[in-house]
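J.: For reference, each letter of the sequence shown is one residue, going 35 to 242 in the numbering used here.
Subject to a maximum C-alpha distance of 27 Å in a straight line, what follows is the list of computed DSSO-like cross-link-like pairs (lysine-lysine):
| id | residue 1 | residue 2 |
| --- | --- | --- |
| 1 | 215 | 201 |
| 2 | 131 | 147 |
| 3 | 185 | 215 |
For each label pair, taking beta carbons as the anchor points, the in silico distance ranges come out as:
| id | residue 1 | residue 2 | range |
| --- | --- | --- | --- |
| 4 | 148 | 105 | 37 to 47 Å |
| 5 | 241 | 149 | 16 to 26 Å |
| 6 | 103 | 147 | 36 to 46 Å |
| 7 | 116 | 46 | 20 to 30 Å |
| 8 | 182 | 65 | 20 to 30 Å |
| 9 | 86 | 144 | 35 to 45 Å |
| 10 | 103 | 241 | 36 to 46 Å |
| 11 | 234 | 91 | 15 to 25 Å |
These are computed hints drawn from the structure, not numbers from a lab. Note that the Cβ used here is the ideal one computed from N, Cα and C, for glycine as well.
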Amino acid sequence: GHGSKSLLKDLTAYSLPAHLAAISEAATAPQVTLLGYSMGGRLALHWAIAHPERVRRLILVGASPGLATPEERAERRLGDATLAEFIRTRGLEAFFKYWHNQTFFQPMLRLPKEQLDPILARRAQNNPEGLALSLENVGTGTLPSLWHRLKELRVPVDLVTGEHDVKFTRLAREMGAHLPKARHSLIEGAGHAVHLEKPADLAMLLSA
Numbered sequence: 035g036h037g038s039k040s041l042l043k044d045l046t047a048y049s050l051p052a053h054l055a056a057i058s059e060a061a062t063a064p065q066v067t068l069l070g071y072s073m074g075g076r077l078a079l080h081w082a083i084a085h086p087e088r089v090r091r092l093i094l095v096g097a098s099p100g101l102a103t104p105e106e107r108a109e110r111r112l113g114d115a116t117l118a119e120f121i122r123t124r125g126l127e128a129f130f131k132y133w134h135n136q137t138f139f140q141p142m143l144r145l146p147k148e149q150l151d152p153i154l155a156r157r158a159q160n161n162p163e164g165l166a167l168s169l170e171n172v173g174t175g176t177l178p179s180l181w182h183r184l185k186e187l188r189v190p191v192d193l194v195t196g197e198h199d200v201k202f203t204r205l206a207r208e209m210g211a212h213l214p215k216a217r218h219s220l221i222e223g224a225g226h227a228v229h230l231e232k233p234a235d236l237a238m239l240l241s242a
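Model the full structure from these sequences, guided by the hints.
T.: Structure, rendered in structure tokens:
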């Protein structure tokens, strides 16, 4: 839920170094298979590049290495700051109504009610201030680009995107050209939230 109330007292907990330290703490084995979705995928990629010797396999679901140019990042930071303020002033319900209106979330919204309702209920439990702080501290515009460092990753990297997630499918194909051991898999009928829309398909793919 983007952080507990206790984390809000320590704003450094939302920084990139804090996130990477948390992954290091959780990754207790000498080598790990690391999976990240969306923003979590971006953080997983940062950790893998910082600790390549610790990674056996990297799985990125609907994720990217960031924005390539300073101009793109500056524009995105303004957008993320505006969105963070929207969350603080309008609340989670208004935010998710706006956020889920994006095309790549439409397949998720078409799930049967018994599947969709628990997903929306979990999202409604997010910490609004934590979500705003995440946008401001580890949003796409804030984190440095990793495009130029993808070639350093010599481990197998699975790039997974949904069929209807046009943006991240394009990015995955572009990433694949830079990664020495990349495999891009397209999940039929899915949008951005592959793990929620097609969990069985994703599990089968990752066990292969």
